[in-house]
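K.L.:
Please work from the sequences and hints to get the whole structure.
Just so you know, the sequences run in chain order A and B.
Residues in the first sequence are numbered consecutively from 1, following our numbering.
Residues in the second sequence are numbered consecutively from 1001, following our numbering.
Simulated from the structure, these hints should not be mistaken for laboratory data.
Some chain B residues judged to face chain A by a derived CB distance under 7 angstroms, without partners named:
| no. | residue |
| --- | --- |
| 1 | Phe1026 |
| 2 | Gln1083 |
| 3 | Val1085 |
| 4 | Cys1093 |
| 5 | Glu1098 |
| 6 | Arg1160 |
| 7 | Met1167 |
In the SDA-like style, the derived pairs of lysine to any residue whose C-alpha atoms are separated by at most 25 angstroms in a straight line are:
| no. | chain 1 | residue 1 | chain 2 | residue 2 |
| --- | --- | --- | --- | --- |
| 8 | B | Lys1058 | A | Tyr82 |
| 9 | B | Lys1177 | A | Val201 |
| 10 | A | Lys56 | A | Pro87 |
| 11 | B | Lys1081 | B | Glu1061 |
| 12 | B | Lys1020 | A | Val209 |
| 13 | A | Lys144 | A | Asn120 |
| 14 | B | Lys1068 | A | Phe105 |
| 15 | B | Lys1018 | B | Ser1113 |
| 16 | A | Lys56 | A | Pro186 |
| 17 | B | Lys1177 | A | Ile202 |
Just so you know, even glycine gets a beta-carbon here, dropped at the ideal spot from N, CA and C.
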Amino acid sequence: MYIQFIKIYFCRNLRFLLLFAMIVLIFAPSCVFAQDISLDGTFEDWGDKPSLDDTKNDEMKHNDIYIVKWFADASSKQCFFYIERDPMRSKNEYNYNHVWTVRLFFNTYQGQKTAVVDYNPDSTMVEVELYDENDRGIWKSKGKWGDPKDTQAAFEFSIPMSELIGSMISGYEFDFYVMSESDRVPDQGVITVSTVSTYPVITAITAFVIAVVGIVLFKRKEHKW
Amino acid sequence: MVVIIFLVWIFFIYIFNKLKMHFFKFLVGSVGLFCFAVYFGKGMLVGPFSYLVAYIVKLFENVFHFYKTSPMHSVVTVYHKQQAVSFIIDYECSGYIEAAVYSSALWFYPIYSVYEKAFNTVFGLVCIFGANVIRILFIAILVHIFGRNVLFISHTILARLLFFIIMIILYYIVFTKPHILRQKVGSFRYDDH
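P.N.:
What follows is the structure, given as structure tokens:
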């Protein structure tokens, strides 16, 4: 009876099955086209990345951070950052032509780390140096990752996940905030980047035990179905 | 090497099947299928799984306006006051391992016919996807209301418990209930009533 019911139900729900298969087939290839970030001073690839808008005009203009974006990329094993400040309106704005220093303070399982980022708007050069909690330089990099447009408002850079959190294999979590000379993002608290594991090992073992118990009971009864 | 292991696995299943050792066939078959599913699927299927979960979570953005989802990158960002918490739906969060365990156990479970197994596979995958979406929404709601400080308790204890309960219900419906229904006591069967 149950088998017949299932067969009837299965046939009636064939459309549901096909719909599910279609969803998987339609959406599965889409992730292939996910746009990774390339550090090149153009920021179109940041469109769909996590971001936090800061209050505008809350600090001196050249230090006023507008937006912070971040993205922990599992494929390249890099954590990318994008920082945008109040845009320069004319070439004569003195403070905008100087090297702008921004610090990112990280709290990770490996302790506290600080990234010091120097952005030179004239050359679009961005220099990043990462320090551990003993102020020892542990990693550095540089490149032309600044905004080449006249506004010179934004720059991007990346830090290897291995330097920030170690391994990405078994889940991770870290907090950070960004500081310019006088502005802080977020104004209070932190930005958190975390995986949200289902803890599959425990669920898998429990599930497997349930299935094995079912089989054992089935064999002990020795019923022929 | 993988090909050799695969052939050995097939050989053992064949032997256990010939000897009618259903328990060992189930044990070796399901564990082997799970290992192959994880080995081969990690590169090919985890991405689509994560994408699909994030996409379904994104559909609820119009209901809950406090988070943003980037399905392409499987990231959900929840906002609480001025703070932001980004969840990355990666290998361990996608539900892929649970789906692999469930499907592996089901396809070597000696109770169902092929039709039933196909139907229950779809049913189970929908349940696992649904449970994962509910779990992520649950964490998002708690983080939005109470802030970043509840991330640990919501993720590690509450959402985990919720997901675990849904999984147990699924396993009860698929693996235990049919066993009770098809059990024979003399000429009596629950399935006939």
